[in-house]
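These are the residues of each chain, in order.
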Amino acid sequence: MTPDSVRNAWYPVGLLSDLNPDGKESLLLGETITIFGSDMGEPRVECGGRGLPVVPRFGHLWTSLGAPDKDLFTIPEADHPDRTLVDVGVVRVKCSPLRAVENFLDIAHFPFVHTDILGAESHPEVSDYQVKIRDDVDEVWATKVEFYQPQAAKSAGGGIMTEYMYRVPTPTCSILYKTCPPRPGEWDVIALFVQPLTEDLCDVWPWMALFDDESAMTDLIHFQQLIFLQDRSILESQIPKRLPLDPAMETPTRADLTSVAYRRWLKRQNYTYGAQLVAG
Amino acid sequence: MAIETEARWVPIAVSCDILDGTVIPARLPTGPIAVWRSASGSLYANGDRCPHRGMRLSQGFVRGETLSCIYHGWRFGADGACQKIPAHPKVSPPKTINCGPLPVTEANGVVWGAATSPVDAPDQFVGHDALRSLVVAASTDAIASACEGEWVGEAIAVTLGGQNTILLLNPYGPAEVLVIALVPRGLTAPDLVRVSTALEALRRSAEAVGEAA
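Chains as they are written, first to last, in this note's numbering: chain A, 1 to 280; chain B, 1 to 213.
Only true hints are included.
Each computed DSS-like pair below joins lysine-lysine, with the alpha-carbon atoms no more than 27 Å apart: (1) A:K132 with B:K90; (2) A:K267 with A:K94; (3) B:K84 with A:K144; (4) A:K144 with A:K267; (5) B:K84 with A:K241; (6) A:K132 with A:K70; (7) B:K95 with B:K84; (8) A:K144 with A:K154; (9) A:K24 with A:K94; (10) A:K267 with A:K132; (11) B:K90 with A:K144; (12) A:K241 with A:K94.
No wet-lab data here; the hints were simulated from the structure.
Keep in mind the model is a prediction, meaning the values are calculated, not measured.
So that you can see chain B by itself, here it is in the shape it has in the complex (with noise of 0.2 Å):
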C-alpha cells in the first residue's frame, strides 16, 4: 500500500549538518526534497522543485523564516505557500503557487522525513547521538553482510570501533544507501573517530561486496 510507504519516517539527514540559515538535498523514496532550518532554527523540507521552472529549492538561500529559489528569488514560507515574485513586487502570489510542505522532525539527533504525516514518533535510539553520515554504493543486505550486524527493525546495530553503534539506512536506489550512524552519547573524541574510521573501513567492503556479488 503506497500510504503505508508514505506515512513512515525515513532518517534524511544529520542533524547538525544543517546550520540555522542553511538549506541541503536530501531524499525521500518518493523523490528529491529541501530541507532547510530556519534563522530562528525551526526545521522545514519540502519538494526539490521550484513550481515557477523547475529549479532544485535545495540549491535556494534561506532568509529569516523563509526560503528562496536560486534562479528566480521566488521566496516560499513554512507552509510552502509562495509569498513574494520579486519580478512582480506589487502582485501578490496567488494561494496557489506552493513548494509542497513535507513533514519532518528531528529526535536523537538525526532529522527525518515523510511524504505524509506518520501516526507515531520516529523510532527512538535511547542513550545514543547522531555521529555522522555517509553514502554507500552497495545494497542494504550488502551493508549488513559486510558488517556482520543484526537487523533491528529497519537498522542495524553492529560493534563498529568498538562501540555500540546503530545504522539506519535510507536507500536511495538498489545499490546506494544513505547510512546515519548513531553512536553511544558521551564518547570521546578518538572514539568518536574509531567509530568514524570503522564506518569508513565498512563502506569500502560493502562496496566490495557488491562488485563482487
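Chain A with its partners taken away, still in its complex shape (with noise of 0.2 Å):
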C-alpha cells in the first residue's frame, strides 16, 4: 500500500505551455493519468476516470492522486516582475524520485560532476552550513551554504564564491537560492521539481526564475540542461537504485548535512516511495 503521506503530496506532471486538450497519458506513483489541456485555460487530470485536483503554477501543471491535507507550497521570491520564468522542459531519469532530489541538495559533487562551472577540483571545500526541519512548515532548509564556482550561471563573469539556501518543502522538490551575479543581495531561483514515474523511474522538470537580461532563453536552458544531463549520468548509476533510509547503508559527512535531514525528514513523515527501508 502506498502510504498516504504518498498519495496526498502534490507533484508536476508537465508544463502549462504545453498541454493538449484531446489528452496526454503519463505516469504518476505507477498509476496512469491522463492530462487534458483547454482551450478556456482550465486543465484537468484524470486517473481512472476520477478528476484529481489540480493547481497550475511556476509554469507547470500540479495534481495529486489522493486528497492533499496542505496547499501547493508557493515561492514569493519567484513573483519579482524583474524576473526571467525559465521552463527548462523535461528530463526522464532511470533513478529514484528520491535519489534526484537528494542529488539537488548536494554541493560536494560539484567540482567531479560539474567540472570547471559548478565547482573547481582545486577548491573542493565545503565549509559548515546550517541545516534545520522548520517544523512550523514542514520543510528541510539549509542555509549559510558557500561555496568556490567558477561559472555559478550563465550570467556570471567569472569565478565567485556562491552563497546557497536549499528548501525542500514537498518531497520530490526542492528549491534552490543562490547568489545572483548581476544583482547582488538578490536571489537567483532553481528549482528542481520531479514527478515520480515509478520508484526507480523519474520526470524531471527544473525551473529558474533569474534576474539575467543579457542571456537568451535558448542559452539558459542550454546551461540548466548541461548540469542536469552531467547529473543524471550519476543518478543512475548508483546502487542500490532507491533511496536508503537506514543509516548504516551509506557513509554521510558533515558536507551532507542536507541529505541527513531530508533523509530523517522523509522517513518520519513515513514517505517511502522510492525510498529503501533496510539494507539488501
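Now that you have both chains on their own, put them together as the hints suggest.
Okay, structure coming up:
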C-alpha cells in the first residue's frame, strides 16, 4: 500500500505551455493518468475515470492522487516582475525520485561532476552550514551554504564564492536560492520539480526564476540542461537504486547534513516511495 | 558451500583492456566489481560501489596509485581504505571507510578475480594468450553446443578459425556469459583476425540456439 503521505503530496505532471486538449497519458506513482489542456484555460487530470485536484503554478501543472492536506507550496521570491521565468523542460531519469532530489541538495559533487562550471577540483572544500527541519512549515532548510564556483550561472563573468540556501517543501521538490551575479543582494531561484513515474523512474522538470537581462532564453535552458545531464550520469548508476533510509547503508559526512535531514524528514512522515528502508 | 564458490578464480577481463591509469567494470558471481590499474601498472579490484553514496567506482578515475569516485572524489588506495574526502581536506578519513578490496591476478593475458582469496593459482594454459573477450547472450550450454567444443574443466576447447582455441566462461546470468578466448602464442595478425571473426559467428549461433530453445 502506498502511504497517505505519498498519495496526498503534490506532483508536477507537465508544462502549462505544453498541454493538449485531446489528452496526454503519463504516469504518477505507477498509475496511468491523463492530462487534458483546454482552450478555456482549465486543465484537468484524470486517473481511472476519476478527476484529480489540479493547480497551475510555476509554469507547470500540479496534481495529487489523494486528498492533499496542505496547499501546494509557494515561492514568493519568484514573483518579482523583473525575473525571467525559465521552463527548462523535462529530463527522464532512471532513478528514484528521492535520489534525484538528494543529488540536487548536494554541493560536494560540483568539482567532480560539474567540473569548471559549478565547482573546481582546486576548491573542493565544503564549509559548515546550517540545516534544520522547520516544524512550523514542515520543510527542510539549509542556509549559509558557501561554495567557490568557476561559473555559477550563465550570467557569471568568472569565479565567485556563491552563497546558497536550499528548501525542500515537499518530498519530490527542492528550491535553491543562490547568489545572483548581476544583482548582489538578490537571489536567483532554481527549482527541481520531480514527477515520480515509478519508484525508480522519474521525470525531472527544472524551473528557474532569474535576474538575467543578457542571456537568450535558449542559452539559459541549455546551461541548465547541461548541468542536469551531467547529474543524470550519476543518478542512473547509484546502487541501490532506491534511496536508503537506513543510516548504516551509506556514509555521510558534515557536507551531507542536508541529505541527512532530508532522509530523516522523509522517514518521519513515512514517505517511502522510492526509498529503501532496510539494508539489502 | 558459499566459501567454495567465492574462493575460486573467475576470468573477468583481458589484461590489455585495462591500461595503466584506468578502471573498468567487471563481474564476479557475487556482484559487480571495479578493476583498475595504477599509474605504475599494479592491478587492483574492489566492490563497484562507493561507500559514501553508492556510486559505481568503475566510473571513477585513477591517479597515481589510487582510485577516486567520480561523484565526490573520495579517494581509495590499494588496501581499499579511503585516503581522502575532498569536501573535508583537513580531515583524516576514519579507517572504517573502505571500498572492499578483492583478490585479483593475471595469467596468460587474462585477469582473474575472486570474492575471497583462493588457495591455488588460476588455471594455466601453457603456450596460450588471451585474444579478446565478448559477451554472449546465451547460456554456457548453448555456447558449448553451438561450437561443438569439449569441456576442459570449466573452459571449452574448440577449433576456431583453424586454431586450437580455449574459451573461458564467466556466466553473468542464465543467458549472459562473458567469454574470453585464448589462442596459441605467436599467431600472425591474419590468423588472429580469423579466430576473432569465428568467435563472432559463434556468438550469433549460440544466441540462435538459445532463442530456439
